[in-house]
Amino acid sequence: MRFRFSDEQEMFRRTVRAFADRELTPEYLRELDAEAHAPHWELLPKMAELGFTALPVPADYGGMGGSVVDMTILLEEIGRSSLSVASMLNFAIGFGCETVKRFGSEEQKQELLPKIVGGEMCFAFSLTEPDAGSDAAAIRTRAVTDGDEFVIDGTKIFTTGAAEARCLVVATRTDTEADRHRGISLFIVDPKSEGITCRNIEKLGMRGAGGLYEVHYDGVRVPKSALLGPLNGGWDAVKATLERVRLSQAAYCIGCAQQVIDDAVRYAGEREQFGQPIGKFQAIAHLLADLQVEVDAARWLLYRAAWIVDAGERCIKEASMANLACTEALLRVTEEGMRVYGGYGLTMEFDIQRHFRDARLFVIGDGSSQIQRNLIARGMGL
Amino acid sequence: MSMDNDATVDFGYTTEQVQIRETARGFTERVLTRAFLQEIDVNGRAPNELLPEMAKLGFTGLPVPTEYGGSGGNATDVTVLLEEFGRSSLSVASLLNRALGWGADAIQRFGSDAQKDYFLPRVASGEMIFAFSHTEPNAGSDAAAIITKAAPDGDDFIISGSKIFTTGAAECPCLIVTARTDATLGKHKGISVFLVDATTPGINCRRIEKLGMRGAGTLCEVHYDDVRVPASALLGDLHGGWRVIGGTLERARIAQASYCVGAAQRVIDDAVQYANEREQFGQPIGRFQAIAHLLVDLQVRTDAARLLLYRAASMIDEGVPCMREASIANLHATETLVRVTSEGMRVWGGYGFTREFEIERILRDARLFVIGDGSSQIQRNLIARQMGL
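Chains as they are written, first to last, in numbering that gives the first Met the number 0: chain F, 0 to 381; chain L, 0 to 388.
Read the hints as simulated data drawn from the structure, not as lab findings.
Be careful, since some hints might not be right.
Unchecked claim - Ranges of calculated distance between the beta carbons of each label pair, as one might list FRET restraints: (1) L/G25 - F/Q281: 44 to 50 Å; (2) F/E334 - L/E276: 36 to 42 Å; (3) F/E348 - L/N275: 52 to 58 Å; (4) F/Q281 - L/E355: 39 to 45 Å; (5) L/L56 - F/R21: 56 to 62 Å.
Glycine included, each C-beta is placed from N, C-alpha and C at the ideal position.
Let's have the full structure, built from the sequences with the hints guiding it.
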């Protein structure tokens, strides 16, 4: 066994760290949050210059062909600075890239993958509907053939970044007769297509990750070539993609959790009460020690899952374990860590409140903790 | 040592490690039957008679260097072995660790050539097991507060004092006794460690009945009344005993975590099997989310504990300091076992409360590990210090 990264990976981590320190300043991140400012098109080109967006793209398409462990390092390190920015990056190189790489036609790969490398492409995943949340296969948005085209009709909710993305991945029902998991198809849709309207939904956290939208598809026409993966075979793509998104999400959650602990340790070493730094009190020290143990534990569950994916093995149970552990660890770290700051933690002058708000997304989105537990239970033979 | 800097993370076992696990599983399934484990628990009996066979299969000699008759395995190998034993019996795993873990490790690192020549081959052949006689009535978590004395007398030392909670003192050939050799030096500076023949006149043991770990060796209060030992019994430097104790603690913490993880996984596996068989309300109880999610949370915790454990072991094998990581592994694994036994027991309903199922024994056993060899509170102190708090 080996619990260390290669020298090359350590060097890459330092490169990412340097970028985040330079570009993702506290002022910039506060502005993203306060203004719900979407950073896509000011950051992706800069990330492309450093090769970040090329990381998971195969060399044949101009990328670097990095491993999932490499991706995890990148997203963990960006997550240390900003959950919003890491999640935005993941919509470019994690979710979108992965789906196109695995399920796209050669033509789609030729078109989209080089754009990902160039920092000119970001996706939004339009899956969830008002009546299809955890029960994701219950979607009712229709796509009907009409000559050489499909016509999409329906309403999606909680599509993050729909208005900022250059590509919507839309999950639709193409066969209403088939078993509910069998009649689903995915389409790559230009958000500027006629018939698409977005309504912005104000949200608690992750305000710098792109807007949260209700998206209406009214007779949206797309060519047959927009089909991503096999007709009626979309559920496999959804499942495979969600598995990877789980690891991405876990990566930035654990990066953020470690940063919150590091900040709290520093504050506890500086802040004096009762004549000594509060970190000298066991009540504070043990609280922080427990959080560190939980974060270390979750982090190795994450890298184990990434390693399994790189080995080409099935990883449903382990990916869900990593996701559950990392997202719940972040939630706990923000809730408990906030105590260290006393009243200051409640002010907008400290960042802990932003992490606290952001963290709430991850125990819900892309498979709630309850759904992760269902998946793990199945993997355990229950 | 794996210092290949081009390699990335790796969570796989070597072929040898898979072999160690399979051999250990073969032994435990054959010898550590439910009836046997129940017998040593009920009678509070240490099954030292297992040591020769464990030696024959290469278990006791695993970490002993080849020149002393062992196979020179590393910390990860030992972790695999102890984890597997922990699956069957925390008592027997801890007994095995009193041979190959604390004692053999301390002697290997701090012993004289004569001590190595004497003890290490005996560890490998299953004739040697140690009892660590350190804790005193007034020196528990404050371990350096011991007052048992060892005074020089010609070529000998004379030990006098009382120890408490010495596991296995009544049935082992060698006691590892810590004593104050210089009361004028600082609290941590005047301590020395001695390898004491358990048959030496002046040693008296009083048995203390205990809740769990009843097959791991008798829990004793040990009185040392002018016990005379030769100077050659000194392990490590005179007054340098704290370094010996500190130097082996990481290994002891990792060993404990190993069998706790093994036991936790066993409880989960048994509970999953039971939940799939037991029907209530017309279906196996494992189909209810209330039971399934309870077991999932325990499995996630146990997987995490195992990774933290092997991280610490791999750092020992790379020669990297791992105080923090060893304490993290110990805290997480021992608390995981407490939680797994306490929560897992619910799955069996009323049956779990009976002696006919094993969960009640493991529940009792588990309580030791959040207390012994550094309580969870002490582990948190150590972790906090390493975090700069």
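Q: Tell me, in ascending order, the numbers of any earlier hints that this structure violates.
A: none
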